[in-house]
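Participant: Sequence:
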Amino acid sequence: MDSLRIDRNGYTLVDQVEEKLIQYFKEQGLRPGSSIPNENELSASLGTGRTVLREALSRFKMTGMIQSRTKRGMTLAEPSLLASMRRSINPLLMSESTLYDLFEMRITLDLGMSHALFRNITPQLIAELEKIVTDEERLGNDFVVARRTEFHKKLYESVGNKILSEFQELISPAIDYIVAQHQEAFEATMKQLAKTGELVTHSTLLNLIKAGDEEGYRRAIIRHFNVYQAYLEPAKTEA
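Everything in the sequence shown is counted per the numbering used here, starting at 15 for the first residue and increasing by one.
The hints are simulated quantities; they were obtained by calculation from the structure and are not laboratory data. Glycine included, each C-beta is placed from N, C-alpha and C at the ideal position. Do not rely on the hints blindly, as some may be mistaken.
Pairwise CB distance ranges (calculated) [as the list claims (entries may be wrong)]: (1) R73 x G211: 53 to 61 Å; (2) K168 x K40: 37 to 45 Å; (3) R232 x E33: 19 to 27 Å; (4) R86 x D29: 25 to 33 Å; (5) Y25 x N52: 45 to 53 Å; (6) R152 x G174: 53 to 61 Å; (7) E180 x A202: 17 to 25 Å.
Based on the sequences and whatever the hints tell you, model everything.
Facilitator: Written out as structure tokens, the structure reads:
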């Protein structure tokens, strides 16, 4: 394991240890389930103390990349790609510019997953969406943040892409925060669109899904988010 020796130059020692370990895993062709050397061996090969090594290993454990098991020692595992993001997404610690970027990314994802969505339409999905829409209409408020999130969350789940669904859920608090901060502006625009018959509601989207009209849905989902995009573009410039 001579290739693990670090040069102690540049960035922090822990960062160098982390990078060297990743390089070692790749060079050895290690896969999830593979055992890795114990702390004594790794520390000796790296030429560092165990305190530094343990801090680097703890980073891997936080992402799920390394697991420690009794009698088996440390093994590699498939890391959670979004684990570090989950610890970082806090709307109160983000600038307005970052929040708007996240919102735009979320809209882009919704616009881009139409084909996958229509490949996975089932009677169960339609029934679940109908219940959500019925609840919205029963409450008499199409602008309730929680309900709006619930409808789109169900669409993401139906696509069957675990990472996409997890990412959507991950950034939802940031999206909800923006909507809550500018609720009055969004509601006023939506009510005006409703008067002119231009508002695309969840009921509209559901009817297109039930009809299997993918192209109509693509056009409608763009209009559905126009109210937000029209607001975000100047807001991003100001931020």
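Participant: Look at each hint and say if it fits the structure.
Facilitator: Each hint, compared with the structure:
no.	hint	in the structure
1	R73 x G211: 53 to 61 Å	54 Å, holds
2	K168 x K40: 37 to 45 Å	39 Å, holds
3	R232 x E33: 19 to 27 Å	43 Å, violated
4	R86 x D29: 25 to 33 Å	28 Å, holds
5	Y25 x N52: 45 to 53 Å	26 Å, violated
6	R152 x G174: 53 to 61 Å	29 Å, violated
7	E180 x A202: 17 to 25 Å	33 Å, violated
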